[in-house]
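Student: One-letter residues, chain by chain:
2 protein chains.
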Amino acid sequence: MLRGIAADPAARALNDDCAVLEIGGKTLVLTHDMMAQGTHFLPDADPADLAWKLVAANVSDLAAKGARPVGALLGYMLGPDDARFLEGLTEALSHYGMPLLGGDTISGNGPQVVGLTAIGEATALPVPSRSGARAGDELWITGPVGAAMMGLEALQADCGDSLAYRRPQARLAEGIVLAPLVTAMMDVSDGLLLDGRRMAEASGVTLTLDTHAVPLAAPENRRDDALRWGDDYELLFTTPPGTKPPVPACCIGVAISPAGVPLLIDGSGPAPDDRLGFEHS
Amino acid sequence: MLRGIAADPAARALNDDCAVLEIGGKTLVLTHDMMAQGTHFLPDADPADLAWKLVAANVSDLAAKGARPVGALLGYMLGPDDARFLEGLTEALSHYGMPLLGGDTISGNGPQVVGLTAIGEATALPVPSRSGARAGDELWITGPVGAAMMGLEALQADCGDSLAYRRPQARLAEGIVLAPLVTAMMDVSDGLLLDGRRMAEASGVTLTLDTHAVPLAAPENRRDDALRWGDDYELLFTTPPGTKPPVPACCIGVAISPAGVPLLIDGSGPAPDDRLGFEHS
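If you read the protein sequences in the order shown, they are chains A and B. Going by our numbering, the first sequence opens with residue 118, and the numbers climb by one from there. Going by our numbering, the second sequence opens with residue 118, and the numbers climb by one from there.
The following block holds chain A by itself, in its conformation from the complex:
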């Protein structure tokens, strides 16, 4: 929906879900994520986990821009346990060194909705975007997919380790180290295949993906699911050929000239009914 109002030239990074704002010779990166009970978090979620995830999801957007956190504004609808939310919020903000600058608290009469605006300062220019991949570039991911999926299933089964789902880690340090080296970068929040397609479309290239090169935090027989699952917040990025990333990362494909479809998965375009990941509104 927002794209309809992105004609304004100032909204130049809107399709990246982050805004880039020049001010006083500095470059700010701003992002806003909103989460609704029943859509983005379970009705019985621990409010501290919700707070953590809200912060991590926003910081992950900053990480993909190589931005260091400067501060956050919270939009908070009162919920089942505000003190517990506050605990998780304080913990997450402290973890990422991001002070709470302000915000708004409201009462509501329906499912809880929370939002966070994160403000960061770019550490490398130009600020990486998802649109910079060029034919010949190599495609990388900073870590495995599937951890959040397995964590959610552990939580639902009340058995096993749900930490990766409840307390995802934004790749902040990795993003800052990578920002000067990448041609394109984004976080994988909606599923590797879907986000990969978005990067390909934004860049005007085809990305070829070798799914078996993708590191997995799930059993091998769940590989197809893990490639389409979100919430892992690893960084997906491209580099000029021959670049060796200075942080742990796996090469999972290459960018080629447009080949009819944005994404070639093990050599084939996805089936028409393949949603590839989690589609927002």
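These are calculated hints, taken from the structure and not from any lab test. Take these hints with a grain of salt, some might be off.
Said to hold, decoys possible - Think about it this way: if two alpha-carbon atoms lie no more than 25 Å apart in a straight line, the pair counts; the simulated DMTMM-like pairs of lysine to aspartate or glutamate are:
id: 1; chain 1: B; residue 1: K143; chain 2: A; residue 2: E139
id: 2; chain 1: A; residue 1: K143; chain 2: B; residue 2: E238
id: 3; chain 1: A; residue 1: K361; chain 2: A; residue 2: D327
id: 4; chain 1: A; residue 1: K143; chain 2: B; residue 2: E139
id: 5; chain 1: B; residue 1: K143; chain 2: A; residue 2: E238
id: 6; chain 1: B; residue 1: K361; chain 2: B; residue 2: D383
id: 7; chain 1: A; residue 1: K361; chain 2: A; residue 2: D383
id: 8; chain 1: B; residue 1: K143; chain 2: B; residue 2: E238
id: 9; chain 1: A; residue 1: K143; chain 2: A; residue 2: E238
id: 10; chain 1: B; residue 1: K361; chain 2: B; residue 2: D327
Position chain B against the provided structure of chain A, taking the given hints into account.
Tutor: Using the frame of chain A, we list chain B on its own:
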């Protein structure tokens, strides 16, 4: 609730509902307002009016800081008529010269909730706050109270002019002109008496208010209600004695040394059960 996490020194303006952030020699002012259907807007509200009000409420926060708008981030839960919301949003953003920089759209399964983060740049330093009133200062308001109240009643009765309720005007130009002259300033969004009490408490003074000096956009027999009604978005400010504001404004009281209660209304403290205005969460 937010005050619980305001111990962080960076949150120095949290009790003003605006954050002040120094960056690259510039001073940014940031604010976030959230509105929920059924709590902050009528379920059958025109989505374009909702968008307008969301923008105006945030711009009003910037106005109280003497900040010029730089941009906004929208948090938008899809609603009954997104195209109509977009119309009102575009109109309001254009009216205040504030580009949309980015944001998030989500699906929800309950009453609609929307949020806006407005970013402004301070035009006068120090940035006015609600805490600067000193004994001897004069207390002013830029315009009448009660217009939004009458507008809402007109809307509900389907008779008369509801514009002041549906399309409130933030006093942006007035705020910028006043910022270098005031000792304290805030917008009247929750009711003159309540916001006056907040200014008095933040400043550590008592404000004496002559209610009959307050300009009224309602019948005289509704004066008591109008003093307690929000959504008018006039600016309430204090100046050193003898200052003549360069914009239309009415002197409605003075600041005196603490006199036991923060607010003296026509010489008396308010009754214990007087809510004075619209209390958030």
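Student: Broken hints, numbered, in rising order?
Tutor: none
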